[in-house]
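Chemist: Here's the letter readout for the chains.
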Amino acid sequence: MPREIEPSLNEKQFVLQALQEKFRLDGRQFDQYRPLELTFGDQYGVADVAFGKTKILAKASAEVTVPYADRPLDGVFAIATELSPMASPAFEVNRPTETEVLLSRLLEKTVRRSGALDTESLCLVAGQKCWSIRVDVHVLSHDGNLIDTACFAVVAALRHFRKPDTSVEGGILTVYTPAEREPVPLSWLHSPFCVTWSFYGDRGEIAVLDATWTEEQIRVASCTISLNRHGEICQISKLGGTPVEAVALLQCTSIALTKAKDFSVFLDKKLAEDTKKRNIGGFMAELRSENDR
Amino acid sequence: MPLDTSAYSLALLRVDGRRWNELRRMHAQIRTQAAADGSSYLEMGHTKVMCVVTGPSEPGPRRSAVGASGGTGVGGGSGEAAQAEVAVSIVIAGFSSVDRKRTARGDKRILEMQSTISNALAGSLHTHLYPHSAINISLHVLSQDGSLLAALINAATLACVDAGIPMTDYVAACTAGSTSTYAAGDEAADPLLDLNQQEEQELPGLTVATLGESDRVAVLVCESRVQVSRLEGMLAVAVDGCKQVREILDRVVRDKGRRMVQEGTIEKGVGVNDMEID
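For the protein sequence lines, the chains are A and B, in the order given. To convert, note that position 104 of the first sequence is 104 in the UniProt record's numbering; the numbers rise steadily by one, no gaps. To convert, note that position 122 of the second sequence is 122 in the UniProt record's numbering; the numbers rise steadily by one, no gaps.
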């Protein structure tokens, strides 16, 4: 199994001492994210998110399937994460590393179990037909903080996604092509965002947001908090590592809430821009009978 | 739902008759398996787990990628094995819960718990004393009734103490919840200590593990939707509960030590004097 090269002792000490003196290598504040970029693809449901040099592409897709026997009224919703060797030589195909398991578990808890997508709305014919929504997460470039980036990408992709419109008449299900009927957005209930803190120092007293890969390799503990803009925690996971004061964790949570609100505003803005871009000419263009010919 | 926890507001008693700040009966034993380096058996109410520790010993040829962590590093690998690797495996018995479900081999929930326990203990164990070695912790769940992760962490701590692996302090864990769901304006919501299965399914809750008597949190896992304002109360109650759990664990270890000295299994050594042996 290939291993990631660890930062050298000098490198470690340099970063740590800088952190002790309240500096980060890229000159950011401790609670500052790298510049966030979000681009939507030409298709619906493709979101490309970049936090600095970390880049993740999420693609949502839908198909009609048979629902699970024990949940006849629910649709199927799955998030698939794959860390390919493209992102880092430590990742192998078909052998999930610990990072990958924890990442997919976190996304599952944040987006799926918190009920962000109303799965009951995916049901078409009870017990026979339902939509299966699948989000594929591809890590294109890995420079730390995969969790926050992946979560943002998944939420953005799902919010942007439109599934084909359907109708059921006399027990016959019709799925319309985009040309016949405008695709419809998913029934989305709330947008959770992950905020990951990394801790440094013997007692974990230094807390840093959005760690780069070098910073991530030398951290002593991390804590991921998922929140939506209504101030609801969807999930918290601090899975071991150096113990951190409980009071510090509470402070981290309140800062995380402001970050989640920022993300929410940013995503809403981008989605609005995208809708505007797609809707050239507005409603009038749609009503016009002329065409380019 | 078989029972409704909303009856709490009437008499301030929970489904099993406890008050908000009461732990369930906790019973623990150490050195239960003679053949193992360290072993323990722990009950938190009806949640029953067993733990066996082997090591520190030479690592085997096969290394699992998940649930093994070297030392304190969370992000990075253990590198040239300057620290002992803590490998955790969890087996959930088929008869442990009401519905006899077969757990898949690569169940992500179990893998996550393994990696959590491994990382939490690696933060307390002095793994740097045992380079190029492995500490294998195998946990067996015999009966499930809520607070599973907390019970597993406590059992693993006890077994590591029994195995004689140097550690900073006990890693003691327990759960806490809140009486109402995520309705924002509900100010009357009480935090609850040590959730059982029913409460865990119906109410928001979190699992906390702290190091020794300090307020320092090693593990904090919350898997349900809950208001941010509710977190502080829940965390405070959970940290307080962890301190109670630590006292119980400590008593178990001291009682066992005292009995072993009395029975003559071990000699009363230097430094044992401060153990208050009568």
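Calculated directly from the structure, the hints in this document are not laboratory data. Be aware that one or more of the hints could be misleading.
[Unchecked claim] Between beta-carbon pairs, the in silico distance windows are:
| id | chain 1 | residue 1 | chain 2 | residue 2 | range |
| --- | --- | --- | --- | --- | --- |
| 1 | B | 29 | A | 26 | 51 to 61 Å |
| 2 | A | 289 | B | 108 | 51 to 61 Å |
| 3 | A | 165 | B | 10 | 42 to 52 Å |
[Said to hold, decoys possible] Cut-off 20 Å, straight-line C-alpha distance, at most; resulting in silico cross-link-like pairs (SDA-like, lysine to any residue):
| id | chain 1 | residue 1 | chain 2 | residue 2 |
| --- | --- | --- | --- | --- |
| 4 | B | 108 | A | 134 |
| 5 | B | 243 | A | 90 |
| 6 | A | 55 | A | 17 |
Ideal Cβ placement from N, Cα and C applies to all residues, glycine included.
Chemist: All hints, please: hold or fail.
Modeler: Hint check:
{"no.": "1", "hint": "B/29 x A/26: 51 to 61 Å", "verdict": "holds, 52 Å"}
{"no.": "2", "hint": "A/289 x B/108: 51 to 61 Å", "verdict": "holds, 55 Å"}
{"no.": "3", "hint": "A/165 x B/10: 42 to 52 Å", "verdict": "holds, 49 Å"}
{"no.": "4", "hint": "B/108 x A/134", "verdict": "holds, 18 Å"}
{"no.": "5", "hint": "B/243 x A/90", "verdict": "violated, 40 Å"}
{"no.": "6", "hint": "A/55 x A/17", "verdict": "violated, 28 Å"}
The structure fails hints 5, 6 (numbered hints given earlier, in ascending order).
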